[in-house]
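Spelled out from the first residue to the last, the chains are:
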Amino acid sequence: MLELIVISTLNGLLFGMLLFLLSSGLTVIFSMMGVLNFAHASFYMLGAFFGYQLTKWIGFWPALLLAPLLVGAIGMAVERYGLRNTHKHGHVAELLLTFGLAFAIEEIVAMMWGRSPVDYRVPALLDFPAFTIFSTNYPAYKIFMLAVSILIFIVLLTVLKRTRVGLIVQAALTHPHMVGHLGHNVGRIFMLVFGVGSALAGIAGVIAGPALVTQSDMAAALGPILFVVIVFGGLGSLPGAFIASLVIGLIQTFAVALNGSLASAFGPLDPSAGPSVLTDIWNVTIAQVAPIVPYLLLVIILIVRPMGLMGTRET
Amino acid sequence: MNAKMTSTPTSKIVDTTVGDGLRFYGIWLAGIAVLIVLPLIFSSGGSLTSFSLIGIAIVFALSYNILLGQTGLLSFGHAVHYGLGGFAACHMMNAVVSHGWPIPLPFIPLFGGLGGLAFALVIGWVMTKRAGTVFSMISLGIAELVASSSLILRSVFGGESGISTDRTSLPKILGLSFGPQLQVYYLIAFWLVISAIAMYALTRTPLGRISNAVRDNPERVQFIGYDPHVVRYIAFCFAGFFAGVAGGLAAINFEIANAAYLGAIQSGLVLFSTFIGGVAFFFGPILGAILVTYLQLGLTSVTGVWQLYFGIIFIGIVMLSPGGIAGLIMMHRPLVRAGTLPTVIPSYLLAAVPTLALACGVILTIESIARTHSGQGSPINLFGVAFSPASPVTWASAAILVAGGFFVARLSWRRVGEAWDRATTIARDRGYLA
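Read top to bottom, the protein sequences are chains F and H.
According to my numbering, the first sequence is numbered sequentially starting from 1.
According to my numbering, the second sequence is numbered sequentially starting from 1.
Calculated directly from the structure, the hints in this document are not laboratory data.
Using N, Cα and C, we set each Cβ at its ideal position, and we do this for glycine too.
Take these hints with a grain of salt, some might be off.
Some but not every residue of chain F turned toward chain H, in silico, with C-beta under 10 Å [said to hold, decoys possible]:
# : residue
1 : 105
2 : 230
3 : 284
Given these sequences and hints, build the entire structure.
The structure is reproduced here in structure tokens:
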């Protein structure tokens, strides 16, 4: 049991930090431009596939640097030539544009690399067990993932809170017009922020690709969870997104690891009642429920606290 | 429009309403006549199936437009109501058969509608608390929740295989067994007409008007004493009901309901149909549903990457013409009235050539990439010309078509813009355009 708790906590933290790499970019883009970027998870997927392809051509370490840059460049192009032109038609049009992009990117990825998972492997340098707890080998690559995400988290925090660029970005979050009046090029700030957000998603993709499955439906699987994270944490709140990422990462990891059901806790139902909704709920294991836990949390938080954990504003 | 109405003398208003009324009923009657005559002209099994699918898609898209077009709620989970309606209809059909209730098949879509409505009533109050982006995200989350739950609650949703039923074993009405596709088509057409009239009437009620106001300016709606939340909730319930009707029709048509009915793909398709057709006009979603269903059925046999073309068409519509096809058509109405449309048409024809070339180039590029990567390498047949996907000739012609088409198209569309400006200026002078 202790073993399960330790391993699941580590995995949960890891998944949570990955979620935060994605949700941080998403929430900054959202609060700054009012655009919910539907294609954010697609940038994560592009990161994974670029990482895979570049690893094949030039090796993992250059790919770790190059793939996010590529994804960031694509993100900037999307902002410059897509969103900026659509802005005049309103937020719904912008949201729909990113929705269409997400759809198109998934199809392009499926066209280029097929629909089945690609063979994206952990680099040989990191392919060893880091330590052994209670007979379980914990892979070094996962420790590396955790380290990278924490490093990026610290860098992001420092840039936002301690530098002049961060100051301007923070100001542009709440008062874009005032920032424009002060002589800053708000359009360029938006483009850069969008690019950096996409690049962060790209990094998440490159490092998560070998550990999780790199497949053309990975964006569609992760996208909705990201939205749950940023609604749960409170729209536009970075600390909220951080807490929500960790909470959802931990909850989902623990749920997958647990195998209990109501039937195993309280004994099976009377079989003479026949199959019904009750028996379905009674017999389902926690692991089977794991995929819907984030969405259940979403419904609960909407009923209890509609602005999210740390959210302050009504959008 | 309203401003002009009030400034015209009373007698003229009466005149225009009578004329408009005639034209208005004429359009509806013509639509019904087309629905009746269509299967007599195209009577093959394949076209009957297509017409049935298109009919279902139209009801579904119109129900979606109650949310998106009328109330301004962008939902990413509308298929939930469609799917639940389908399951409700299937369970109802099976119950009718096993209990021997005297309910004939034509009433089953009503129960589908009630299934969609029931879920909307339960979940809608929480969902419609806020509009805009938040509503969109929540709708996505709820859609995922329902889609995932449907695989857990096997006794209701039948797991992966779904719930199947037999439409012919229900009590007969007027001696119709609803075995042949033709009878099912007329059943769908009947429900299509009923639902379309009901949904059109809904846009004309005070509720429909206040929904438009909630879409445009919820704050001012609050000032005049309405609660936007309540209005959104009611609109959401209506949309859920008609989506359920569409789902019930689908259940009758396929005689099965499964988890794919409520999935993200179905939700995406209805969004595509509605938006490509145009959300600002009632007939927009109808056009969109016809086009998207037709493309979906037609493209699947021609290319393996038809979904990519959907995505590209959708992005193109969002970026270039957010009013959709209906918006494009209705843009020309003042020009037709002012008689200046003929001055624009030559520039359209001129622009059509490079635009088509650009489209061909894009298609050629996509197809050669797709066919090279899938390893089948079958030749691309473009207007009777066969291109081998692996040959440099194909790549070169694709590159020339894309680059050349793009530059010439830009120039020619600038000319269209100039011609358009001239035509609208004249139309404005003649008083047909505000």
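Quick rundown of the hints versus the structure:
The restraint placing residue 105/F at the interface with chain H holds, with a minimum CB-CB distance near 8 Å, inside the 10 Å limit. Look at residue 230/F: its Cβ gets to within about 8 Å of chain H, closer than 10 Å, so that hint holds up. Proximity of residue 284/F to chain H holds as hinted, the smallest CB-CB distance being about 5 Å (cut-off 10 Å).
Checked against the numbered hints above, the structure breaks none of them.
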